[in-house]
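Novice: Residues per chain, in single letters:
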Amino acid sequence: MNIVVTVKQVPDTWAEKKLDAADRTVDRKSVDNVMNEMDEYGVEEALKIKEAHGGEVTVVTMGPAKAVETIRKALSMGADKAVHLSDDALHGSDALATSAALAKVISTLSPDIVITSSEASDARGGVIGALLAERLALPQLTQARKVTVDPAAGKVTIERLADNGYALVEASLPAVVGVVEKINQPRYPSFKGIMAAKKKPLTTLTAADAGLDAASVGLAGAASAVVTAEPAPPRSSGTIVKDEGDGGTKVAEFLAAQKLI
Amino acid sequence: MAEVLVLVEHADGEPKKVTAELLTLARTFGEPAAVFLGAPGTYAKAKEYLAQYGAAKVYVAESDDIAGYIGGPAAEILAKLVGEASPAAVLVAATADSREIAARVAARTDSGLIWDATALSADLVATQGIFGGSTIVTSKVTKGVPVVVVRPNSTAPEAAPSTPAEQTVEVALSDAAKGAKVVDRVVEAKSGRPDLTEAQVVVSGGRGLGAAEHFALVEKLADTLGAAVGASRAATDAGWYPHQNQVGQTGKTVSPQLYIAVGISGAIQHRAGMQTSKTIVAVNKDPEAPIFEFADYGLVGDLFNVVPQLTAEIEKRKAG
Numbered sequence: 001m002n003i004v005v006t007v008k009q010v011p012d013t014w015a016e017k018k019l020d021a022a023d024r025t026v027d028r029k030s031v032d033n034v035m036n037e038m039d040e041y042g043v044e045e046a047l048k049i050k051e052a053h054g055g056e057v058t059v060v061t062m063g064p065a066k067a068v069e070t071i072r073k074a075l076s077m078g079a080d081k082a083v084h085l086s087d088d089a090l091h092g093s094d095a096l097a098t099s100a101a102l103a104k105v106i107s108t109l110s111p112d113i114v115i116t117s118s119e120a121s122d123a124r125g126g127v128i129g130a131l132l133a134e135r136l137a138l139p140q141l142t143q144a145r146k147v148t149v150d151p152a153a154g155k156v157t158i159e160r161l162a163d164n165g166y167a168l169v170e171a172s173l174p175a176v177v178g179v180v181e182k183i184n185q186p187r188y189p190s191f192k193g194i195m196a197a198k199k200k201p202l203t204t205l206t207a208a209d210a211g212l213d214a215a216s217v218g219l220a221g222a223a224s225a226v227v228t229a230e231p232a233p234p235r236s237s238g239t240i241v242k243d244e245g246d247g248g249t250k251v252a253e254f255l256a257a258q259k260l261i
Numbered sequence: 001m002a003e004v005l006v007l008v009e010h011a012d013g014e015p016k017k018v019t020a021e022l023l024t025l026a027r028t029f030g031e032p033a034a035v036f037l038g039a040p041g042t043y044a045k046a047k048e049y050l051a052q053y054g055a056a057k058v059y060v061a062e063s064d065d066i067a068g069y070i071g072g073p074a075a076e077i078l079a080k081l082v083g084e085a086s087p088a089a090v091l092v093a094a095t096a097d098s099r100e101i102a103a104r105v106a107a108r109t110d111s112g113l114i115w116d117a118t119a120l121s122a123d124l125v126a127t128q129g130i131f132g133g134s135t136i137v138t139s140k141v142t143k144g145v146p147v148v149v150v151r152p153n154s155t156a157p158e159a160a161p162s163t164p165a166e167q168t169v170e171v172a173l174s175d176a177a178k179g180a181k182v183v184d185r186v187v188e189a190k191s192g193r194p195d196l197t198e199a200q201v202v203v204s205g206g207r208g209l210g211a212a213e214h215f216a217l218v219e220k221l222a223d224t225l226g227a228a229v230g231a232s233r234a235a236t237d238a239g240w241y242p243h244q245n246q247v248g249q250t251g252k253t254v255s256p257q258l259y260i261a262v263g264i265s266g267a268i269q270h271r272a273g274m275q276t277s278k279t280i281v282a283v284n285k286d287p288e289a290p291i292f293e294f295a296d297y298g299l300v301g302d303l304f305n306v307v308p309q310l311t312a313e314i315e316k317r318k319a320g
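Chains as they are written, first to last, in full-length UniProt numbering: chain A, 1 to 261; chain B, 1 to 320.
For lysine to aspartate or glutamate, the following DMTMM-like pairs were computed, each having C-alpha atoms within a straight-line distance of at most 25 Å: (1) B:278 / B:198; (2) B:143 / B:123; (3) A:242 / B:315; (4) A:242 / B:296; (5) A:259 / B:223; (6) A:192 / A:56; (7) A:18 / B:293.
Have a look at the derived ranges for each label pair, beta carbon to beta carbon: (8) A:213 / B:11: 39 to 47 Å; (9) B:11 / A:66: 39 to 47 Å; (10) A:228 / B:160: 28 to 36 Å; (11) B:238 / A:152: 36 to 44 Å.
For the record, the hints were derived by calculation from the structure and aren't laboratory data.
Idealized CB from N, CA, C, for every residue including glycine.
Between the sequences and the hints, there should be enough to build the whole structure, so can you do that?
Specialist: Printed below as a string of C-alpha cells:
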C-alpha cells in the first residue's frame, strides 16, 4: 500500500489565536505551533493501515519552513518519508488553493490511499478531504470513524459519522479517506522513532518545483478577501450564585425572568 | 433580480428549519431558488414548506443516486445549476454533509467559499466568528459565484408564502461522482430530540457528571425544555456520550437561545463551540471554573442536587 497522509502545522490548540495585523492571515509568529491535533489521528490511521497491510507512509504538508517540525513529528511517529511544499508565494492560500496545490503534489506520488483529518483547529473549514477528492477525482470517504482496507479486493470501507448513527460507505482504491477524532489513539513518538526521523527522506518543493502557477496560489490567488477583522466584544460574566439548597429553583426563576421557560 | 440558490437541508424530504433561515436570508438580496436534492418521491414532503418560506423557484432533482453516494452527486448537480443559472450566490447550511458539498461546488465552478457565516449583507459581505468566536471577520468572495456556508440559527425565519415555479432537473451523473457508495445506513440513537445545531435550547454535560449513567440527569432536563443534548470533549472522550453530540473546538458549534452547561469547566476547547449562545447558564461545583467568567447565570453547587431540582421546578411551572 502506498499511503499518503496530509498534515498541517497550526497554532497550539490552547493558545489564544489572532490574525496578523498586516495581512490578516493566521498569526503563527506569536504562538507555539504544533501538528494539528486532528492530524495525529490521520497519521495514526495511516500507520495502522501500513502495519496491517504493508507498504509505505508518505507525509505531505504545505506550510512555511517551520512546518518541518510537524513533518518530523509524523516521521518520528513512524511515517517513512515526507514532502514539504514550502514557498513564500503560498502564504495566504485559501482552502481551495491549498487543496489544488496539495492535490498536485499528491498525484505525483501515485497513492493507493490518501488520508486526511476532519478539520484543522485554526481555520476549522472541515472541507479538505472533500476538496482533495474533488481535485484528484477520487472517491470521498470523509467523516470516517472506522476504516477497513481490503487491498486484495482493492477496496476500502468506512463508517461515516451521521447525526443519529453512521453510514457504511465503500469505494475502490485509490480513495481519499478523512478521519474524525476518536477513530484511534494516536501513538507518542518513541525516542528511537525521534532519532530515526532525522534520517528519513524529506523532499522540499517550491511552488515552481510542484508546477504551480504563482498567480493561482497565496494571497494573490485567494478567491475571497477579508474586509474587516476585529476582536469580538468580550462576553462578561453575569450573576453568580452559590447553592444554598434552592439552587435549582433559583435557576428556574432566572429562566422565567428571561422568558426562557 | 438574480437568483440565489439555496440548498434544501432535509431528512428524507422533511425540511430542516435552517432551510427556512436560508430562504429568508436569500430574500434580502435576491430571488430565492431552492435546490431540492433527494430520493424519488421525497420532494412532495418539502414542497409546501419551501412555498411557505418564499422560494420563487424550486429546482427538483430526485434520484436514488443522490443519497446513494457521498459528495459527488450533490456537488455535480449543484455545480451544473450554478453554471446554468448564474446565481448571485449559493447558500448552504453549515452541516457536515453540506459544507463538503459547498466546497466541491466552489472548486468545480472556480468560485470563492466562505464557511460558518453568521450574517450576510445585501452586498454579500459575510460575517464570521473565527478562532472560536474570539475574532469577528467580515469577508467577501472575489472570484466566481460566492458559495456561502451559513450557520443554523443565524437568521430568524420569516414566512413569505409564494407559488414557486418548479423545474425538474435531470440527474445524469458521471462515473466519477459515484465513487463512494453508501451500502448501509445504521441508526444507533434515535432520541426524538431536536438537532444539536438547530436547537433553540441545548443542555450539555461534562466531566462533572462522573459517569455515563449520570447523563440521564442532563437528558431529563433537556426533555423538560424540549432541548438537544450536548457533551463536552471530556465526556465524549470518556465514552459517556456519543461523539456526534460533542460541542466545542473539535466538535459542533451551537448558537441556541439558551445553553445550559452542567458540570463543564468551560475551557477554550468547549467555549469555542458555544460562546455565541444568547444566554448561557452554568452549574458547576468549582467556583473557579472558567465558565463562570462568561456565563450569564452561574450556579456554584452540586449538580446532583441542582439539576433534578431545576427539572422538577420547570415541570411544576409548566403544569401550573
